[in-house]
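Asks: Each chain, written out:
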Amino acid sequence: MAIIERPSTELEVSITPSVVVPSTTLGNLRRPVQSTGWKSWLFTVDHKKIGIMYGVFAMIFFIIGGVEALLMRLQLAAPDGKALSADLYNQMFTMHGTTMVFLFAMPMAAAFANYFLPLQIGARDVAFPRMNALGLWFLVVGGLVLNAAWFLGGAADGGWFMYAPNSGPVFSPSNGVDFWTLGLQIAGLGSLIGSINLIVTVLNMRAPGMTMMKLPVFTWMILVVQFLLVFSLPVITVALVLLMFQRSFGATFFDVAQGADPLLWQHLFWIFGHPEVYVLILPAFGIISEVLPTFSRKPLFGYPFVVFSGAAIGFVGFGVWAHHMFAAGLGPVSVAVFSIATMAIAIPTGVKIFNWTLTMWGGKIWFTTAMKFAIGLVVLFTIGGLSGVTHSVAPSDTQQTDTYYIVAHFHYVLFGGMVFGLFSGFYYWWPKMFGKMLNERLGSWNFWLMFIGMNMTFGPMHILGLQGQPRRMYVWTEARAGEGFFNFGFWNLISSIGSFVLALSVLLFLINVVQTARKGKQAPLDPWDARTLEWITTSPPKEHNFDRIPTVHHLDEFFHRKYVEDEATHTMKAIATGEEIVRNEEANAESHIHLPSASYWPLVLAIGVGVLGLGVLYGVPIMVLGAAIVLLSSFGWVMEPSVAEDSDYDPPAGGTSKELASHG
Amino acid sequence: MADTAVHAAHDVGHGAHVTSTGLSNNKLAMWLFLGSECLLFGGLISTYMLYRGRVANGPHPNQIYDIPFTSVSSFVLLMSSLTMVLAVSAAQRRNDQQTNLWLTVTALLGATFVGGQVYEFTAFYREGLGFTTSLFSSSFYTLTGFHGVHVTVGVIMLLVTRSIIQKNRVTGDKAESVEIVGLYWHFVDVVWIIIFTLVYLIPA
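Top line first, the protein sequences correspond to chains A and B.
The C-terminal position of the first sequence is numbered 671 in our numbering, with every residue numbered one higher than the one before it.
The C-terminal position of the second sequence is numbered 246 in our numbering, with every residue numbered one higher than the one before it.
Extracted from the complex, chain B is given alone in its bound form (with noise of 0.2 Å):
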């Protein structure tokens, strides 16, 4: 990731080069990508409204939703949000004790969801729901399989941040690292905020 590169030798060693924006290249890149994972969600999510209630002969999302399950695993990924917020105020305090804690927290938290989200897909396969049964199960499996993964490769970008702001091996501004992965993590955050309130609380 930290990958920027040209500048003058009186550069090297203070850290911040100066950009035409003032934005780092690292973060606006980020921006961007986030920009380009908006559109991707959204042809995701598109496909699910489109194909919600065509069951066939499948069962009905309204039959097999466990809300009060969901609800628990969507507020443990919203906590996550908190710690990764403290995480990087932690880190640009320069506290990296601190900072590796609320890395490591937000990392259980986001597994933690990843592992409610197994469990959700194994429950709903046993009640019938194959990933080929349906249009519905097949537009579901999908969308919410496309953001456990996105989960997932977040909780591995907090714990190989972790493992290298412990080795002291950040190439870069180190702040600016552990705020960038925050970003990329408030992003999956409010996808799962969307994707909850469509596909779980809106009956279909």
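Excised from the complex, chain A in its bound form (with noise of 0.2 Å):
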């Protein structure tokens, strides 16, 4: 883990084991100091590591999200279907929204985020490396906790929103919601560490030369989110913590019969829950931002544009959250205001819309799959951003609050937008993650595939919310389906053949990884002509990402070191290839690298909160050994130092300063 870097590996093996002593970590426990096996995943604190953990995590809770949704759907093919009872109905859907949202979206975000962010703005890793561990860790434990739910008496049923009094003890009687406020209690707080610990990576790690207005625009947009986060998620905690209270010990905050207003965790939720929305879709508006580019061979059209005009819908973004409680009864004055400010939201998402396409305008496109995902993302955010100018116009919400209206609306947003996003990041960076070329057939298949299943699936909601199919409807019968275009049975059976096509394509990209992992082509270091800092360096990146830290001269730095401009005939004239590049950085390696060492404390303090969590249900003793488990890693986590010291990393006797010492 800790090493020193020098560039050749050759003597590794002779020198390791005699040379490196851990240094303590607590009493005379020794640091981990594993670079291979399993321990070198649990216990590390490299960010391209935490990454790819975050990735694997939610693309597990990607599949259990989306069995979930499957069941839903099978559930409502037919009139008075028999798959899912009401009750599990409730649990499906309520599970289907958390886990997508909180253990599929974010994390997936995060793993880009954690792997790229640091690479984007030429930095060894991130600001504080053991809390990026923490944060993954916390992450974890949260979304265990919230499955377990299903095991230990039913998962929760009151909606990802989760309405209060409606989620209070006589409505969700089953521990359910417990597990559920709980689990979110653990993740938020992880997302809040991960936040804070990248906003200070942005702000603080560039590279040389690398100013604001030259960071990569995946990476303003991560920082946007991050901001949301710390800001927003602070207020879901509250509302949380309120509830677990009143569940758990007897407060009585939504006890309406004591007086208590319905209206405050409505609130409360959405001051969190809406610029959760844009926590959602920043990341992948960030993507393509880097993919369209790259496959139009051209610049982002309007970076400052681009980039302010993320940063606005981030502020804006806290300023519409009444917009999903216009149906509540707010008064005339609240629902105008609120109205207003969330037409005036579409103003920079337009923006944002009008720069990706006149980016293509006149570029040499590339359709590759990360390309036709990317645009696939325009087209059907689009779509999705429509149907959401009109939940804008309260009269006509009115209408459509509760109905499958709004399912669709979110899911072209959610899915149409954000899950085209992520593809398209996974097509793109998989070689630089990886090393490896994902199949552009099979890709190809599993893009085409998921653009007719997903609007197979959601486009039909349009029309059965129009006619009033209520949200978290779990049965229709033949009776009151209706007839000809509006017919229930027919749009709903589209629907569900449609789901299942979406599930096709997701096992198709499964497919693709496993393939490409076995005998996937060897990825040359620049397969796209890429343009940012992230491809300067090999494939995968080497522990220590950079051999130099380069020195950022423009926009776009790594294309103008290929690139220059002809002066008479003003086009871009190849002066280097990326290979070339990335060899001459390597043969400048700097010497003598320290880098972050492994520890055991985020993943053993992150154990403890899950334990004391659960001790809230199961009692104090559960509860004091969590506590006891959170301050013994508390203390080991002060007292250890995050880079171990010096002497762990004395060269051995005798040695030159060429070999890489490595601990372990």
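Don't read these hints as lab results, they were simulated from the structure.
All C-beta atoms in this analysis are idealised placements derived from N, C-alpha and C, irrespective of residue type, glycine included.
Be aware that one or more of the hints could be misleading.
Claimed, not checked - Here are some chain B residues pointing at chain A (derived, C-beta under 7 Å):
(1) S62
(2) N67
(3) L70
(4) L74
(5) F75
(6) S78
(7) L82
Put the two chains together into one complex; each comes in its own frame, and the hints tell you how they fit.
Replies: This is the structure we're talking about:
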């Protein structure tokens, strides 16, 4: 893990065991030093390994959440569905929403952010590597707690926004909601830690010359997202704490008989919940802002506009939450204000759509799978955005609230927007992360099936919703299905078939991943003729990311190292290949690089917090045990220097400065 | 906490690393954390303000608040900010002994405040204001309890800082570590000023 980097690896075997004496971390316990095997993953603080683990975790939950969705679509495919009981159906849609938002979308964005953000700004790691690991493990523990409910008396069943008092003990008697509040608090803590870490990283650890206006757009969008998280997560934390106190300790916050206000939860939830929407979509915007220019062979059209409209979306995103509550009776003034603010958000979003379109305009477009997904996002998100504008008109929204029209809208922006963006990112960055190319033919199938499946699944929901099919309805009958074009039965069936097409497309992706891992083609160092700093190093990047910290002179630095403008013809002329540039960096490697050292404590601390949380449900002794673990690991953490002491790095006796000395 | 880590070897031993903004990573992180905390207390305070008059059959705030007592404990907490400043100043003058002294005094003042809060909660409970009594009681205990926990965490941070300074095990810049703990401490104080005004001084 912690290594002193010296370019050649040949001598590693001969020197490693004898020279490295890891310092102690707590008492006589030695620091973890493995650089291979499972321990090197569990205790790692390397942002790339952490990023990959975020990705694996998110993908597992994508599949779980997807299966939940398929079960719901099975239930609704035909009249009088028998696949699920009403109670189980409630749990399915609650956990589908919760899983997709908190355990798939956010972690997958975190995966890309963790992996690529330091690479894009020319840093060797994040600002707080151990905290980075802690964020991951909090998320894992939170996800496990959330889903443990399935086996311990039934999952949460109040819908993903869990309106209180509906989620109180009267209407949700099982422990599901308790696991839900605990799991989200723990996962939220992880996100908060992660977001503070990433903000500090972007602001403070940029390579020389990398000014804010030379940051790649992906990094910019991630930065905006982290600010959204820092200021919105505490608000949902308050809501979760209140609900937990009510359910576990008898507090009265949502007890209407005592005079509680049912709007309290709604406000607290949506003050978080609306910024959260942008937390989900902005990373995807960032990804395609990298992909579209690369495959259009043009710089991003209007870089500052894309950046500032992203920031504007983030800013205004805090002032529109009540448009989720137009049907709650807020009064005309509030409704009017939030209605107008919501319409205003369409402006910066529209700016982005135009920027992407004009980026492609006149470009030499290369239709790779990544590019197809990116274009898919632009198209589908625009559709979802337009139905979103119809919600901002309060009278119209009052008709649409809690119908399938809403479901159609947010799946167009989240599936058509976010998921397509993330898949674009998979195909674009896979060769960077793993050194192998995903199969483009399978990728193309993946894209088209997903595109068709997505429109088949969610398109009909517009019609169903306008026809009045309520959201969260667990069964429908032939007698009330209606006739002709607006027949419930027909559109529900189409939607259900579409969902299986979607599932097939995801399956193809997984097959593609497995095939690539087994016998994928070795990726060239610069397969896409890319533009940003992450490509200026090997694929996958070395543990220390860059052999030499790049000095940045341009936006799209890597591109400008490959091409210069020919004065006479005003065309770009290639002066070096990506491969040559990377080799040149290797030849001029810096020596003696200290990296942060692995640590047990992030994992142990996260487990301790999980145990502490379960103590709320299972009694004080468990709580005490959890608190003890937390205390012990906090002390271990504080007393352990984040970078192993210099003596750990001492070059072996007689060694030259050319070896790679690696712990263990 | 002190966790900044990635640097080339020539930085080692020189303490300060160069950051893009010139602010240290740790300090920036603390500011961001405090920004987040503002929203946490914002949510709790809003909940209290919404529910402060809703007492059901329980005691009304005006009946149970002991303003003189709470004023004294508020004064104690405010004074702890002064001693915190003295600790930071001593740390910047690299006077370990003075730093430790003022850190200890600050921790003691903080602990006194927490003690006062425990006393106050006990007294309220005896007068019939349980956690589950009314909307007012639940939101009062939650808000002030969260603040109390923050002060307690602050006291632990002060004592830990003091002990690692004494054992000479501070990994980063010593003065800065004290300053960062100070930022947190002042924040907790400022929040109390708001809580004291809104909860105790303005009649429900």
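Asks: Okay, which hints does this one fail, numbers in order?
Replies: Per hint list: zero violations.
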